Each structure stands twice: as C-alpha cells, then as structure tokens.
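Given the coordinates of chain H, assemble chain R onto it according to the supplied hints.
Chains as they are written, first to last, in the numbering used here: chain H, 24 to 162; chain R, 24 to 162.
All the pointers check out, no bait thrown in.
Note that identical chains are pooled: a pair holds if it fits in a single copy or bridges any two copies.
Below, in silico cross-link-like pairs of lysine to any residue (SDA-like), each with a Cα-Cα straight-line distance of 20 Å or less:
id, residue 1, residue 2
1, Lys143, Ala127
2, Lys143, Arg104
3, Lys143, Ser107
4, Lys143, Gly59
5, Lys143, Gln100
6, Lys129, Lys143
In short, the hints are calculated from the structure, not lab data.
This structure is a prediction, so every number in the text was calculated from the model and none was measured.
Each chain is listed here by its residues.
Protein chains: 2
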Amino acid sequence: MPIPSFKDVNVGDTLPALRVAPINRTTLALYAGASGDHNPIHIDIDFARQSRMPDVFAHGMLSAAYVARIVTDWVAQPQVRALSMRFTGITQLGHEPTVTGRIAEKFEADGEQRVRVELKCSNQHGEDKIVGEAVLALS
Amino acid sequence: MPIPSFKDVNVGDTLPALRVAPINRTTLALYAGASGDHNPIHIDIDFARQSRMPDVFAHGMLSAAYVARIVTDWVAQPQVRALSMRFTGITQLGHEPTVTGRIAEKFEADGEQRVRVELKCSNQHGEDKIVGEAVLALS
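In isolation and in its complexed conformation, chain H is listed as follows (with noise of 0.2 Å):
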C-alpha cells in the first residue's frame, strides 16, 4: 500500500483497524525476552498473587506497540514526529486489543506538513486501554 500524501487526507479519514489475537501468557513471556522487561508481574501467576493481582496482566508497552503499529503499518517509522499516550486500564490475558485510528489535524510545522491521529486500543468488551495520539510528517 503506497504510503499517504499530505494533500490526499482528511480530517476525520480513519486508518485501516489493527485487530490482534487475544492475549496469553505465550505472548507475554515472548514480550519479556524480547523486550528486556522480566518483571514477574506480567510472567509469573504466583507473583502476581502475591501481588494482589488476579494473575498476570501484559507490559503496558506490548499494547503501546499494538497502537503504534496502526501508525507504522499507514506510514514510514522515521515519518514518525511523536506519539503519546493515556494508560486507561489494564489489558487481562484473553483481552482482544483493538487499535483504531482517526486524522484529527491537518497542520504545517517546523517546514513540514503534518497529521495529528487520534488512537485508541480498546479490547472486545469495548474497554479503552490505552487513549493516544500520533503526529506524522506527511509529503
């Protein structure tokens, strides 16, 4: 898919959903070994027990990187200017996150054109996760 133009977007297109498979504790410790983040919390069940919690939940980072894939699947990475984001919940095992995208903004900055994007990673109850935005240099 060719990447989009400045001038072809508008406010209020949105970007192709990113549906993901559910969430298991698979995922999770491939997440751990690759992203260098063991904290038991996300890979051990006792752990989390002891931690009040009722089981393993994923890394906060392994749903940011779900939202910001809509992002980079639509553009190039280095077309990226800066991403942020509101941690709204925690994503359980067996959640089913949902990224979706929408062009918020048009706007010129620093001699570039550029596009605000709303984000948003729900699961399948259509709990909100994780609220964010994009900005994207656009040509």
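What follows is chain R alone, placed relative to chain H:
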C-alpha cells in the same frame, strides 16, 4: 526496592539509569516475533537496502519500551498515567541505548499526587533518539 512515595521525591531527583546491550539482528528478530510487527525494514537487510536504508534499524517501539522500563522499574505499571515521546533519531544496529530520567514536577491532579518525569534515550555517541515524559501517580 520499595516504590518511592510522593513526599520522599524531589524535583531534580534522577531515576536509576538503564543501559541496554548493543542492538543486534537477533534483538530485532525477537522483537518482531513478540510484538507482531514483522515489517521487513527491521529484519531483512535486502529489503532495507531496496528502501535506500544502509541496513535494518530498530523498531521505534523497542526503544520506546526501554524508555518505559526505567519508569516501571521505579514504580508499578498501574501508577503510569501517561507517556509521551518524540522520536528524534533512528536506532541502528550496534547502538547501545541508555535511558535516563529526572523528576521535573510534583503536582496534584484528579485527586492524586503525581510527578512528571523527563525521559531521554541516547546511544553511546551521545545522540538523542527519544525525548519524552511520563506522568506517574505516587502515594
């Protein structure tokens, strides 16, 4: 290490820095598998060269995960209210990310005591790759 309390931290305090081993092709292959981001620009040198890059380069969200980790090494993940990052450079193979953090503000919002932490990820040559900030709730 106990989680820091609001009264015991001060503006200007630094978080324990995180130094990561040099990024190599295995790091990126593992991260691709764990995150589900299989964009070949990060794992296939031939594809990268066809895209006029000298070689593959790191997923931006891998560096972002390192930035987040000094935060979640310091407090528990559910205390993270927001995270924002500006991407100021590409992390290449062989780069050794170092992440630093500094408390920039203490404030109250939404009935919580919070701190704003300035974050930076640089490589061994002192080049900034990510500049960001986190908002954390402390009790």
